[in-house]
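Chemist: Sequence:
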Amino acid sequence: GLKYLTVYAFSTENWKRPKEEVDNIMKIFKEYLEDAKNFKDENIQVQFIGDRSALDDDIRRLMQESEEASKDATGLHLNIAINYGGRDEIVSAVKKIVDSGIASNDITEQLIGENLYTCGQPDPDFIIRPSGEYRLSNYLIWQSAYAEYYFTNVLWPDFSPKDVDAAVAAF
8 GLKYLTVYAF STENWKRPKE EVDNIMKIFK EYLEDAKNFK DENIQVQFIG
58 DRSALDDDIR RLMQESEEAS KDATGLHLNI AINYGGRDEI VSAVKKIVDS
108 GIASNDITEQ LIGENLYTCG QPDPDFIIRP SGEYRLSNYL IWQSAYAEYY
158 FTNVLWPDFS PKDVDAAVAA F
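The numbering of the sequence shown is the numbering used here, which starts it at 8 and goes up by one.
Because the hints were derived from the structure by calculation, they are not lab data. Be careful, since some hints might not be right.
No more than 35 Å apart at the CA atoms, straight line, and that leaves these computed lysine-lysine pairs for DSBU-like [what the hints assert, rightly or not]:
#1 K23 x K44
#2 K169 x K78
#3 K102 x K23
#4 K34 x K10
#5 K23 x K47
#6 K37 x K23
#7 K26 x K78
#8 K37 x K10
#9 K47 x K103
#10 K37 x K26
#11 K103 x K34
#12 K102 x K37
#13 K37 x K78
#14 K23 x K169
#15 K34 x K102
#16 K44 x K34
#17 K169 x K47
#18 K44 x K26
#19 K169 x K10
#20 K26 x K102
#21 K10 x K23
#22 K169 x K103
#23 K169 x K34
#24 K47 x K10
#25 K47 x K37
#26 K169 x K37
#27 K47 x K34
#28 K102 x K10
#29 K78 x K47
#30 K169 x K44
#31 K102 x K78
#32 K34 x K23
#33 K26 x K47
#34 K78 x K103
#35 K102 x K169
#36 K10 x K44
#37 K78 x K23
#38 K34 x K78
#39 K103 x K37
#40 K78 x K44
Given the sequences, and given the hints that come with them, work out the whole structure.
Modeler: Right, here's the structure in full:
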C-alpha cells in the first residue's frame, strides 16, 4: 500500500566530505542509474529531487532518462534525493516565488508547498532515521512538520525487510 517513498542518496552537505569519498559515491550512483533500466518492469515512477546543477552531465542525463522511462508508471512513486538539502529546497522555492513577481502579502504556506521539489505529493507520515543519529540532517524540513520519526541504530546499507517490519510495527 506504500505509494510514496523518498530516500536520501546525497545531501548538499555531503560535498564537504573528502573528494575521494564523494567521487566514489557518485561512481556508485552512476552505476545504479545505468542499471536502473533493468527495473522498468517494476512499475515504479522515479523522480529525483534536489539541485542537479552541481552534478556531472552524464549523471544528469541518466537521471533524466530514468524519469522519462518511468513517467507512466502507476505503482510506487520513488523520490531519490540527490544533492538535496531541506533548507536549500525552501530557499529555491522562495526564489521561484519572488522571481514570479508575487507580492509578499500573497505568499502562503500552500504557495511555498507548490514550489517545493515534492509539489503535488503528500507530506510524509513516517520517516525512518537509520544509523543511530537523532538529527533530521536537513531532510524534508518543510514536508516533515507533522511526520512521525523512527530512529534506529541499523545502518542504511544493512537495513533489511525485518528492520522495515519493525519500523512499521512501531508506527
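Chemist: State for each hint whether it applies.
Modeler: We went through each hint and held it up to the structure:
no. : hint        : result
1   : K23 x K44   : holds, 31 Å
2   : K169 x K78  : holds, 30 Å
3   : K102 x K23  : holds, 24 Å
4   : K34 x K10   : holds, 29 Å
5   : K23 x K47   : holds, 34 Å
6   : K37 x K23   : holds, 20 Å
7   : K26 x K78   : holds, 33 Å
8   : K37 x K10   : holds, 25 Å
9   : K47 x K103  : holds, 33 Å
10  : K37 x K26   : holds, 16 Å
11  : K103 x K34  : holds, 31 Å
12  : K102 x K37  : holds, 30 Å
13  : K37 x K78   : holds, 20 Å
14  : K23 x K169  : holds, 33 Å
15  : K34 x K102  : holds, 31 Å
16  : K44 x K34   : holds, 17 Å
17  : K169 x K47  : holds, 26 Å
18  : K44 x K26   : holds, 28 Å
19  : K169 x K10  : holds, 20 Å
20  : K26 x K102  : holds, 30 Å
21  : K10 x K23   : holds, 33 Å
22  : K169 x K103 : violated, 42 Å
23  : K169 x K34  : holds, 29 Å
24  : K47 x K10   : holds, 17 Å
25  : K47 x K37   : holds, 17 Å
26  : K169 x K37  : holds, 28 Å
27  : K47 x K34   : holds, 21 Å
28  : K102 x K10  : holds, 30 Å
29  : K78 x K47   : holds, 10 Å
30  : K169 x K44  : holds, 27 Å
31  : K102 x K78  : holds, 27 Å
32  : K34 x K23   : holds, 17 Å
33  : K26 x K47   : holds, 32 Å
34  : K78 x K103  : holds, 24 Å
35  : K102 x K169 : violated, 42 Å
36  : K10 x K44   : holds, 21 Å
37  : K78 x K23   : holds, 33 Å
38  : K34 x K78   : holds, 25 Å
39  : K103 x K37  : holds, 29 Å
40  : K78 x K44   : holds, 13 Å
Consistency note: the structure conflicts with the earlier hints numbered 22 and 35.
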